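Protein chains: 2
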Amino acid sequence: MTPALLAALDGIEVSTAPADLTTYGRDWTKVDVPAPGAIAFPRSTVEVCAILRACSAAGVAVVPSGGRTGLAGGAVARHGELVLSLERMRRIEPVDLLGGTVRVQAGAITAAVHAHCAPHGLTWPVDFASKGSSQIGGNIATNAGGVKVIRYGLTRQWVLGLEVVLIDGTVLDLDHALEKDNTGVDLRQLFIGSEGTLGVITAATLKLAPLPRRLDVMVFAVADLAAVLALFREVRRSGLTLAAYEFFTQRCLDRLLSHRKLRTPFDRPSDCYVLVELEDADGPEVEAWVGTIFERGLAVDGVLAQGPTQAAALWALREGISESLSATGLPHKNDIALPVAALEAFCAELDAVFSERYPGWEICLFGHIGDGNLHVNVMKPDAVSKADFLAQAHDADATMFELVRRHHGSISAEHGIGLYKRDFLSYRRSPAELAVMRALKRALDPRGLLNPGKVLSETGG
Amino acid sequence: MTPALLAALDGIEVSTAPADLTTYGRDWTKVDVPAPGAIAFPRSTVEVCAILRACSAAGVAVVPSGGRTGLAGGAVARHGELVLSLERMRRIEPVDLLGGTVRVQAGAITAAVHAHCAPHGLTWPVDFASKGSSQIGGNIATNAGGVKVIRYGLTRQWVLGLEVVLIDGTVLDLDHALEKDNTGVDLRQLFIGSEGTLGVITAATLKLAPLPRRLDVMVFAVADLAAVLALFREVRRSGLTLAAYEFFTQRCLDRLLSHRKLRTPFDRPSDCYVLVELEDADGPEVEAWVGTIFERGLAVDGVLAQGPTQAAALWALREGISESLSATGLPHKNDIALPVAALEAFCAELDAVFSERYPGWEICLFGHIGDGNLHVNVMKPDAVSKADFLAQAHDADATMFELVRRHHGSISAEHGIGLYKRDFLSYRRSPAELAVMRALKRALDPRGLLNPGKVLSETGG
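In order, the protein sequence lines correspond to chains A and B. Taking my numbering, I'd label the letters of the first sequence as residues 1 to 461. Taking my numbering, I'd label the letters of the second sequence as residues 1 to 461.
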């Protein structure tokens, strides 16, 4: 931070307090040592423009910063960057009931938007475990996924208007509140999922969905992954509306039960579990359908929630896993996607490779399996040092990503690339795609000042 | 077409027959005189690459060409360009039932894809009147809208994988069949809706939706636009699932009845009509709901289809309008979108302006009003020459687009910009947005050889 830059930011709230530098320089990954130069807390789009113009003039890199719940290091600042926190910009405007939209500033908390819309029978259907901390701007910048993608799609589908500030301070006020607008390339799409590398999102008009009239939640115990997929085919065939189809293994459940001091709702352990949420089915229809699942041997055990409290308890079995893995050990996390049709073959191959090359490693699998999305958590064995484990895990990533590539999958389904998947990007993106991505970066941020080193390396490698 | 270029295309089907030049040089607009240099009919992506490389080397402009059902001149060739027709590339692969996807070549006809998927209880939910001629590649290149947007969103939401060839012959094989893939900027989105100016779409993996189990179609006669919107609010409030909410005026109906020699299903004329399609409601629920509509005075008359034949007849009242307007006069077409909440004020202002400045003009309004999308057709008065009418209509466009801008609407909801809305693009896109659009064009097609003059003018103006 040069004195000239700090002088240019006069009137804008800026902190260089060590505690702030530590807090705002990292995300949930806690791998790198945070070392930003300063944290700016603009209160308006005008202030965001002033900050970006000043940083452009000074040649200082900027890291846009939301709720910092990311798992790929996209919001990490470790080289003296200015962190631009949106957390003072959290206004939520009244819901437009006729249009079914709501305008929010980027720093609005995801759960606060849900709470704001629910009394009108509406919701922004982007939902995941960190919604109490994550911000809308970050949700959009990472094209967040979560537990409702199978029903509603990704964040990308729920953004109508987008206000973005480019590195030179230019404001793009894109698309307002229109559902339909075919007037050239859709510029919003450039910024959705770009992880803050092309512009800073300052506000958005969100598209809302009606809240479901009724949800039925159940968890089935099934024998193996093949059974998870057979049950999925059956739900698809039934014509019932799936709101969620989530998967976890006994290893995940064991760590969650131990961490949360809970008792299993099942009579005996099973290799795999599936959480099914059905929307707007009627009670007798659900009961009858569950009956046929057991009659046909598609599940070995099951619990059907009777009311919202039990539904929340069942959801906690799935949504608490990530926290419980971190609380009971050191997980090395991956977030991959496969075509659903390739999942079973992929998992068998992964199991074989890991058993041979890393015997004794505990692999905890869970995720949004209806979307083909698996969270692969490898737990550090007690006998292995942290440094050795991380080095071996890095090798293991390369092995797994090679398998992912062979099955036309993705190395990051929803967490993004950030810092920690960057070196593996070529497992998913071809040289031609990387060249286009670099051309876009040059076109919008020619000096590479916006979130440098995220997604793409700075050296062009 | 230089002899060198034609020699480079040896082995690829190329036509310079005058009839082909005329047919493949125009779309449904029939305003410009078509004058392409040649038409190429590649049979594979490899041939598309060869054509683009050869045209790049020769500095010859290329117009990608699908079903040519566009209404904005996006596929028009009038300056010796090479037209690259995708119509020989129409393979449709077997449906992936587990993934709910189908892979098609760009030239596959939209209705043929529907017919291919229907026996599996699935559909690609992009649907509009020209689906019997339009091609998937063109649907994607224009981000097609249509009659099901209110239920399913735009084409953009139903494209998983996309194969695109850049002007230098580079193939981008984007995203395969994955629902979730957050690995940097989503390059598919650059090409969806870019009207062939950034790359040539050669194949796609389409996401499919389950066919609705039941559809109920009805047409209501209502007093005016305010009543159209009041009824819309009521449907939204009811919690019923809307598959379509379409609007047309008595003037549209008159021309359709006259052209098709049909009798109105209503006892007396009404200013406005609404077609409502409900999904998966049960019969008694629909009957009861229709009863409340009349009890509450939300409609003055109505017809509820009893079975698929009557449903198709009601749909024809709406979907036949465009054809009937062209058959019974000379319409000047516009396709605008407004926030739904702004529609009533906008229409009142439009009516006032037109009545004052263009008295006696017949304005036929119809469209996907649930999306805020209005097709505004001005009919040429008998007493005015075609040339005078087109000149006056151009002035009228500027007047209307100024109103559209004031209400934060779009000058092209679904037809795109092409040639004929290009001069008005600044009514929707700010100078900053236009600068970004030009930067993208330079990044992907630096010499401006792909569909030149479409969307953006070639001079930078």
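Each hint should be verified, as a subset may be incorrect.
All copies of an identical chain are treated as equivalent in the list; a pair is satisfied when it fits inside any one copy or across any two copies.
Said to hold, decoys possible - Only pairs whose alpha carbons sit at most 30 Å apart, straight line, appear in this in silico DSSO-like list of lysine-lysine:
| id | residue 1 | residue 2 |
| --- | --- | --- |
| 1 | 30 | 261 |
| 2 | 207 | 386 |
| 3 | 207 | 380 |
| 4 | 30 | 207 |
| 5 | 148 | 386 |
| 6 | 261 | 207 |
| 7 | 207 | 148 |
| 8 | 386 | 261 |
These aren't lab readings, by the way, just hints derived from the structure by calculation. It should be emphasised that the depicted structure is a prediction, and the values quoted were computed from it without experimental measurement.
Going through the hints against the structure:
Within a single copy, residue 30 and residue 261 get their C-alpha atoms as close as 26 Å, which meets the 30 Å cut-off; across copies the closest is 73 Å, which misses it. In this assembly of identical chains, the alpha carbons of residue 207 and residue 386 never lie at most 30 Å apart, being 44 Å within a copy and 43 Å across copies at closest. For the identical chains of this complex, residue 207 and residue 380 are neighbours neither inside a copy (42 Å) nor across copies (39 Å), given an alpha-carbon limit of 30 Å. In this assembly of identical chains, residue 30 and residue 207 lie within 30 Å of each other by CA distance neither inside one copy nor across copies; the values are 33 Å within and 37 Å between.
Taking identical chains as interchangeable, the C-alpha atoms of residue 148 and residue 386 are never at most 30 Å apart, the minima being 35 Å within one chain and 54 Å between chains. Proximity of residue 261 and residue 207 under a CA criterion of 30 Å is satisfied in neither setting, with 39 Å inside one chain copy and 42 Å between copies. In this homomeric assembly, residue 207 and residue 148 come within 30 Å of each other (Cα to Cα) both inside a single copy, at 15 Å, and across copies, at 17 Å. When the C-alpha separation of residue 386 and residue 261 is checked against a cutoff of 30 Å, the pair qualifies only within one copy, where the shortest distance is 27 Å, while the shortest distance between copies is 81 Å.
The structure fails hints 2, 3, 4, 5 and 6 (numbered hints given earlier, in ascending order).
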